[in-house]
Each structure stands twice: as structure tokens, then as C-alpha cells.
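*Asks:* What follows is each chain in one-letter form.
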Amino acid sequence: MTGLRLSATAPEEPSDEELVRGCQSGSSRAFDALYHRHVGRVYRLLTRLLGTTPERDDLLQQIFVKVYRGLAGFRGDASLSTFLYRITVNIAWDYLDHKRRAPVIVETELEMLVDDARAYDSDRTALKAELTLAFSALDRLKPQKRVAFVLVAVEGLSLKEAAEILGTNDQVVKQRVLSARKELKATVKRMGGHR
Amino acid sequence: MKRPEPNDIDQFGGESGDEKVVAALRRLDPTLTDVPRARVLARVWGVVNEGDALAEQPQVPRPSGVSSLASRTRQAWGWTVGSAAAVAILLSWPSRVPVDRPLAIEEPAPTRSGATQEPPAIDSSASEPIALFLAGRSATTATARGVLASAPGGVQRARFALGGELALGDSGRLEVVAHEPKQVILRLSQGRLAMHYENRTGKTLVIETNDARVVVIGTTFVVDSSSGHSTRVSVIEGKVRVDVNGVGARIDAGESLVVGHRGRKAPVGARARESFSWIEGAKALPVAERPAERVPFAKATSPSAVPEAPAGNPRERFEGLYRRAEDAMKQKLPGEARLLLNAALASDPTSPEADAALFDLVRLSAASGDLEGTTRDAERLVADRPLSPFAAPARFIACRTSFERAPPETARACLRAYLRDHPGSAHDADALALLVVIASRLGDCSDARKQATLYLTRHPSGAFAADAARSAAATCESL
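One line per chain: the protein sequences are A and B, in this order.
Note that our numbering has the first sequence beginning at 4, numbered continuously upward.
Note that our numbering has the second sequence beginning at 5, numbered continuously upward.
No lab work stands behind these hints: they were computed from the structure.
These numbers were taken from a predicted model, which means no experiment stands behind them.
Some hints could be false.
[As the list claims (entries may be wrong)] Restraint ranges, calculated between C-beta atoms of paired labels, are given here:
1) A/129 to B/331: 31 to 37 Å
2) A/27 to B/40: 24 to 30 Å
3) A/82 to B/338: 42 to 48 Å
4) A/28 to B/413: 36 to 42 Å
[Stated by the list, open to error] Simulated pairs of lysine to aspartate or glutamate, EDC-like, Cα-Cα distance not exceeding 20 Å:
5) A/185 to B/23
6) A/131 to B/33
7) A/145 to B/23
8) A/131 to B/23
9) A/177 to B/23
10) A/192 to B/23
All C-beta atoms in this analysis are idealised placements derived from N, C-alpha and C, irrespective of residue type, glycine included.
Looking at chain B on its own, in the form it has when it is part of the complex (with noise of 0.2 Å):
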């Protein structure tokens, strides 16, 4: 595209009234600064990527982003649509199902490739000790040889670390399988086990017995797997999935499902409210230490310091605090968005929208000055969400920062990774002009001249191209 030149128009034109019109619009230069930029590309790969799942093409991996209102409305149709199919399939399931099956839902979800979701591999070698994500354990039983166990007549209380609180009872017993980014699996090999589980890490829980596999969605269940029993899963709030051999079927709150008994489903019994009673004791328990640096999102916030939740879904809690958060930032109340940004993370970390939140984060530590904040937000970012369209943005702040506030060479390290890993980015010319600066600065007139023929050379009208070939002579002269 190019600038405004004249053009045969103008030789037939005559006179005209429409200079003012002409003038004012050439004088146009609308910006679109870091967040709506991101935000339109995240929404951009978020329609694209339904499209293409729509159309069952092959897929390369592709950022997650924030779907459009109308992307959204679609979403929202297809869950209805497909619930009314999930039902429809429940209330028919005796009829349909062959008998062998000891339960029998619906069939494993697709993924967006088509394929059917395999359940995750279990990492047998990544299992740990279960008392690094336990506090205030309540019952005299130790655990040993990393597996949690109660006394017979006894019931054992734990805050889980990752969220939420644990009762196990009726000579339970309950270990760590696997401690993976995107899960933690633990194994109930006997008792009961009553469960709230908050989720603040965005890593999905799964609870394996000697014959189901429970998929915590949230929140509070209790998972009886007492000997001479079958599985049962009772949901208090929120739901569940249950897998028995590759089948799945949900559980919704007040609902309960004994593994075996053809997938017919119950109100939730007596015992699982008892079960569930187990948790209140454990809610009185100091507060978990999370498992050192294996969870991004663990940041120990003092429960006074949390602000109140909006009711909802998970989903609708986050963009209820995140909602709000932005109120905060327009307000100028900088340390008030930062806490209702991390509780909107905490409340739902896979949010599509978390990736600008953390971003967010990014800028209101940079604008503090707060390098090791800005840097670490900057990670936290790049780490849990590495195609994020506001991940280049997020980087650039952060070596910014560095810049003004670190040792040159740090600056000029991250400066130096930023362009190799994001060419033709929007801040291309920026880093470049940094990069000047710093060589100079150092007195390097090699990488100052590098550095400014560079920024010559892609961005030979920037608003630095003056001053480029101008510090890169000084830094040499001066030697």
C-alpha cells in the first residue's frame, strides 16, 4: 500500500470542495497499540482454528485465542446441541449398548482433528511422594513409601496443594501415579475419598481406581472404591467423567454412578453426603505449600488479600474477575487489577482469555518499574502459553524493562533472543534501536554499526534511522 501521491484524478478532477475532507483523512494515522493488535490476532487464529476443525482439515498446531462473539454463539449452540445428543444417547443407552459393557455412556469426545481423545499416558517413573501436595494432614496415620493412608474407623483430612481440600476414609488409600504439566493422576487403591477440587493450577485431576478412571472437572466429589465394591462416584458440585475401559460418561452434581451397573445413574446417596461432611474439617487446615516449582500459576495469595469471586462456572468467574480487573487498570488502581487478575487465573487458568490477562500482568509490572515481576509474568507467560499471540509482546516489555533497569549485557541478551525468535515482529524496529543503544552505550562500535545497518536496512523510514547511523559513528569515532 502505498502513501498518498498524485494520480490521474487529479488532472480531470477541476475544482473540488472536497479538500478538507481529503486533508483531515490523510492526517490519519490510527495506531493499534500491543493489546488490541494481540487480541485481534488471538481472535483471528481462534475462528480460523474453528473453521478448520469444522472442515476436518489437517491441522498444525495453532495458538490459543479468544474467539469472536459470533465463534462464541456457534460454541455456545454446539454444546447445546451436543448435550441434547449426550442426553438423548443416556436415555437410550439400555437399548443401545451391548451388554458386556459394564458402563456405557458416550463415546470417548472427539478431538478437533476428528481423531478420539486417548486417555493420557501415564508416567509411572513421574510419580512423587503424595505429602508434597498435602498440608495439615489431621489423622494420626503417616504416610509411607509416598502413599496416604487412613485407620480403619478413621478418616485422614489434607488441604491438596493444587487446590482445595481431601478426606480420605474407610481404610483408604491414596498415592501419586503422575505429576505431569497438563494433569495429576492419583490412585485410590481402597477406601473413600471425598474430594473439592478448585483447580487453581489448570491441571486436570484424575483419580484412578482398580476399575475406573475419574476425570475431575470440578469440584466436589466423593470417589468410594471400599473393598467388595464397585466404583461409585457421587458429584456434590460441579462434574465429573468417568472412564471404564476407553467408555466415558459425566456425572453431574447430585448425581451419582456405580461402575458396573450398566451406567444407570442415582441421586447421590447418604453415605457420599456423609463422605462429603469428611471435607469440612479439612477446610479448617492451614493452607497447603504448593510442590516448588512444578506448578506456574502457584502463587500463595492470603485469603484476605483474594477478592470475592463472581458466582458462575469457572469460565464465568474469570471473566467476571477479569472484567473487573480491567475496570482497575481504567481506574489507575494498579494493585487491585493485579489481584483480580491472579484470581481470575486462579479460577479458571485454561481460559482463552487467560493468555491476556497474564499479558496484562506483563504491563502493570513493567509500568511499576518492577523488572523481576515484569520478568517473571513475562515467563509465566511464554511458558504456559508459548504461541500466544501476546507472547511476543509480553517479551519485548520485558526485555524493555531490562533495558532500563538491568545490566546492559542482560538487556542486550534478551533483546538479542527476542528478534531471533519473533522476525518481523511489531517491535522489530524498537528492539533494533535498543540494540543501538546498547552498543553504544558499551562502546561496541562492531554491533553498534551491525545494529544500526540492520535497522537501516528493514525500517529505512523509522523514526530511529536518523539517529542509528548517527550513534553507531559516534560509538566508533570515540575509540
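Pulled out of the complex, with its shape left as it was, chain A reads as follows (with noise of 0.2 Å):
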């Protein structure tokens, strides 16, 4: 093959700081790196966010284009991930602000979200109905309360952390994930879904 040449040694992974040094100075190798790393936990994200939308991997190119153009000015303030983060949420935001015609659940979308999930075959159904239920319900959401529930809630984070990708404080953030919460209280009920 082409380029395979015996090596004695495997090479060293190099840090996110040295992959955002070598984008900046040009290297088109340091950002696919930079990007095997990070798709997908940002795919996982971005699902996360918007559910079963087909249109996800569109959005996966408009955040790796953003991420690319925001790596020159990329100082080192935030970390890498906050900075991932950041522009994530704000493209899956732009789109739920956009998009917020009927939602609609993709049946072919949500068979792939159950099979990465690993499901077995009993739970399957179980999984598929959950899912089926969680994005009915924050779809219902305004995109402002169903982002901050799902970065505080679902991914973990502190509201202060969340209020830095969201560009507000964190008071902000808990009301919004409180109020956010109470909806889907409530929705979740009408739904049936809460015993």
C-alpha cells in the first residue's frame, strides 16, 4: 500500500492546545485530527439538542465550518470545549428558532438513535418509546429553557459553566431549566408518560 512504511515507534497523541496551534498555522492534518477527536461527542450533543432532525449532519458541517474559521482567533481563554460547545449550541439554537414549525419524530432516525444506544432486543421498544416521548416533550420547549436543560440536566453541566457557553449568568440558567423542568413535568404527564 501506498505510504506504509514500517515504523518503530507509534506516535505520541497530540494535546488540543497543539492541534489548535497547528489549525491556526495551517495544517489541514491538525484540524482533521482535531476533528476525528471531538465529531463525535459534538454529534452526540447536537442530537441531544434536536432530536431525530436528518438535517444534524448539515448542521455537524456548519459547526466544523464555524469551529475552523473561530480556530484563528481562538485564544485560549475558554477551553476547547467550552469553545466547541459554544458554537454547537448556538447553531442548534439558530435552528430550533427557525425551525419551530411542526415537529415532526423521523421513524428511520429514531430506529438509528435505538441501535447506537446499543439497546437489546427486550428494551428496544422500551427505548424507542422513551425517546419518543422525551423529544415530543422538548420539542414543546422553547429553544432559550430546552437548551439550558439539556446542557445543565442532561450533559451535566454547571449552571455557571452553561451560562459561559450561553452568554448570560448563571441565575438565568436556573430559571430557565427550572421552568424548563415544570413544562416537562407537566407535558410528561399529559403524554401519559409519568407514573
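Can you join these two chains into the complex? Each is in its own frame, and there are hints to help.
*Replies:* Shown next, in the form of C-alpha cells:
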């Protein structure tokens, strides 16, 4: 195979900081490595934020285009994770803001998500029902509440971290999350999913 | 980004009814498989490169990639506006161009970096006997010293090895000036050349005459360089570009242009149509053997096995065939999918999605356990598109197939090179895990320990973490 040569030692994995510096100096390889390292987590967050929308691939593309362009001015004041979170949330929020039409659960996407959750056959049906319920309930929230809720309650960020990403203060985030919980509780109850 | 953990909202949230929502979302672990992962990256590069070009920023080499729909729309608009501008220049040409220019239509196309594109340098040392490029010559006059010649009144017909047919008449003399990775340059020193070029290999075909340089975009054209006349280029199908002293003109189907006539175009004349009819005889000739080891896409396919290509330009044909190949893959018809992919690549090897098609070939070969095919297809992808985001996944698939079907030393060499060339790739953990297994199989305690340590350092919570340490320990204990 072309370019296949024996190597005595395997390469050390570069840190995020090294990859960022590589990107800033124009290394496409560094960006590729950074992409491969973080795309899975970004994709997971995007899915949790948006649900089964089949446009996630397009949004993922937008996110990493923004990442690429944003890296030029990235000074490392915040961590790379926060930087990625912020861009992902902005794109997702924008999408939710502009796509507030009748929310739909895309069956094929849902099937894939269930597959990816590695559910055993016995609880595939249950997981599918839970996800349908979850996304249906989330679809009824305003984007600002939905995003805050996912960041804090699902992703496990602190109020301060979420506030930094959302560009607001932690009290605002707290109110949004509490409000989201209240609405979700009511919605889930109405849908018959709360025992 | 962190795993879910308790946060301060839990301390004051009180009783909530959203546990089900949280639990369901936390169970989500959507995975991006190789193809969408690589596709998204390719699209990112496509958009980024386009933006860089628009901003005229300094560029580093970027992999070619598939543009998003939005960028495709922008490209289409760009072409439309560009074409309109070219037409406007063409229409106003006589009053705009200095009289001493023998031919002037449009300035050389700017490259992405904003510089004008220089004609590629010709390496005359790379010239080869034209016989290598031909098959089934019909006329009695043989090639001599690498030159194809036709006798007065006779016509030489041949299949062209890189795709298509040609016919040479009017005491024509044709030779290969250069055969390079990106282009083939032929010189028509005299006579008439009618040619149908299919461009199966992605190489640009250039025909040089004494006073012009014809860059063939595709597909059927006549270059008339008979003695005593300026070169006349007539296009039957497709389009060509004619360069004279660095000034270029594009000629579309149905048009002809005479060098030295101030760039005025005329309809294709009877003489060109007669020349075109020569090609018909060449179509009956045997299919050419391609120059050995020079043409990456030179896969001989029997004519009956070639799927019928949809109508349209090469890019549209590629997309049509590729979509059909994707359908065939979904329907679990690997043989048909393979044929369609090869046909798509033959129709437009320079398509932005060519690397994706090659990657699909790699996956198909691997799925059928075809080590030779997997390696060959991966090599083809890496050689042709080394910067493609599909290159690394393709190489890993080849290495994994090698692990399953080749001697362990071969697989080990493949995996080590993969890790060296693609640090931090999506398959880093998988490659290290395979190296641990290989070292264990070979009883190589030192390497097993080394690879296991690397795995645990880089992927401490990886799926193979527990087995890595155990496997290395077992290998060393058994010695």
C-alpha cells in the first residue's frame, strides 16, 4: 500500500492545544485530527439538543466550518470544549429558532438512535417509546429553555458553565432550567408517560 | 465535554417530572460511522476552501471535498455569472482587444489563489511512443519513431488508450509529447485529427499544433492543422479550450474557430464534419490496451458489463451512476454496486465525490473478504486523493482486512504505518488493539506490552482497555 512503511514507534497523541496551534498555522492534518477527536461528542450533543432531525449532518458541517474559522481567533481563554459547546449550541439554537414548525419524530432516525444506544431487543421498544416521549416533550419547549435544560440536566454542566456557553448569568440559566422542568413535567403527565 | 454528573440544579430542583426525558437522553449515544463522518469533513473542507478563495487568503493545500448544497448553489451562480461575463466579453471582443492578438477571447482562468493559471510545463523527457496509447490501427502506414502518421489520402484510425477514438488524415503526424499524472500532451505537427476523448482517467488531453494549444475538456472535436492553413478547431460535442500565446478561448459544441482570425467563431463546417465521420470507423476497432501501470483508473471492463450511463455532462453522469450504486448497496447487491461505482469513476474521475466512490469500493471489497481488492482499492484512493478524508478510513479498512486474512507481520506493518501517518484518527484505538492482538499471536512480549501501554495511555476508557493489559500480561507469562 502506498506510503505504508514500518515504524519503530507509534506516534504520541497531540494535545488539543497542539492541534489548535497546528490549525492556526494552517495544518489541515491538525484540523482533521481535531475533527475526528471531537466530532463524536459534538454529534451526541447535537442529537440531544435537536432530536431526530435528519439535518444533523448538515448542522455538523456548519459547526465545524465555524470551528475552523473560529480557531484563527481562538486564544485559549476558554477551553476547547467550551469553544465547541458554544458553537454547537449556537447552531442548534439557531436551528430551533428558525424551524419551529410542526415538530416530527423521524422514525428511521429514531431506529438508528435506538441501534446506537445498543439496546437489547427486549428493551428496544421501551427505549424507542422513551425517546419518542422525550423528544416530543422537548419539542414543546422554547429553544432557550430546551438548550439550558439539555446542557444542565442531561450534559451535566454546572449553571456557571452553562451560563458561560450561553453568554448569560447562572441565575438566568437556573430559571430556564427550572421552568423547562416544570413544563416537561406537565407535558409528560399529559402524554401519559409519568407514573 | 464531561460525562453527566450531579450539578447544583439538582439541589434546588425539587420534585420534577422530567426524569424520563433525562434518562432517555442520557442513554443516547449516536455514532457517526466512517462514511458520514468522512463526508461531513469533506464538506467542511469544501466550504472552507471556497471561503478561503473568496477571501483571497493565503492557502495551504486542502483536500478536495464535496461541497454542501448551499455551496453548490453558490458555485452554480458563480458559473452562471462567470459564463455571462465571458459571453459579454466575447460579444464585445473586436473592439476591446489589441489588433496584434491573433486570438483573444478571455483571460486565462484565475486559480483559487487568485493567480492566473500558467500552462503546465511540458517535460519532453516524459514523451513516449504513441503506439503505447493506441490499438487497432487501421491504415497501412505504421508508426515510426513514436509518431503516428497517415499517408496522403489515407486515414489512420485507432482507439485511444485513455478513452475514445481518433482518426488522423491529410498526411497527418501525431506524437506524444508528454504523459504526466494530470495530462497527456499530443502534438499534431500537420494534418487533421478528429477525436472523441472520453477522459476515463481524469487526465486532461492537450493537443498542440504549430500555432495553438487545444485543451480538451470533452468530448468530440477536430483539429485541422493542414499545411498552409492556420489551425482550425471544431467541436462536435462538449467543449475545448484553445490557448494561443497564453490567451484562451472556449469553443462549445457546434462551433469552430480559426486561429489568427481574431477569435471569431463560426458554425462547424463540412470539412470538420467529414473528419468527424472518420471516427466512426475507429469505433469498430478493438478496445485499446492502456499503457501499463500509468493509469490509475485503467480497469478494463467488458463493454457488456458497463452500466448504461445516464445522459448529461460527466458530472451529472457521475452523480446519476453514484446514486444508483448507493441504491444497489442498500439493496445488498455488491456486484452491481461495484460495476456502477467503477462506471461512475470512469465517467468523471475528477468528481468531488470520486473519493467517496473509491471508499465505497474499498468497503465492498472488504465486506466480501477480498484482501487483494481491498488493498488495491485503498491504494487507488490514497494514491489519487492522498488528502481525502476517506484516505485514513480506507487505509484502516485495508489494514483490518489484512489482519483478518494476511500473515500477522503484514498486518502489523500496515497498522504501524497507519498509526504513523494518521495520528489521532478515528481508528486509533482499534489499530492499537489489533497491534496488541498481533503481538500476542506472535508471542512478542515486548511489543505486546508496548502497544498495550500505548492503548491504555491514549484510550484509558476504551473498549479494549481491560483486554489490552490482560493480553500483554498473558503473552509475557507464556514465554
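*Asks:* Next step is simple, just say for each hint if it's right about the structure.
*Replies:* Against the structure, the hints come out as follows:
{"no.": "1", "hint": "A/129 to B/331: 31 to 37 Å", "verdict": "33 Å, holds"}
{"no.": "2", "hint": "A/27 to B/40: 24 to 30 Å", "verdict": "27 Å, holds"}
{"no.": "3", "hint": "A/82 to B/338: 42 to 48 Å", "verdict": "45 Å, holds"}
{"no.": "4", "hint": "A/28 to B/413: 36 to 42 Å", "verdict": "37 Å, holds"}
{"no.": "5", "hint": "A/185 to B/23", "verdict": "12 Å, holds"}
{"no.": "6", "hint": "A/131 to B/33", "verdict": "13 Å, holds"}
{"no.": "7", "hint": "A/145 to B/23", "verdict": "19 Å, holds"}
{"no.": "8", "hint": "A/131 to B/23", "verdict": "16 Å, holds"}
{"no.": "9", "hint": "A/177 to B/23", "verdict": "17 Å, holds"}
{"no.": "10", "hint": "A/192 to B/23", "verdict": "12 Å, holds"}
Checked against the numbered hints listed earlier, the structure breaks none of them; every hint is satisfied.
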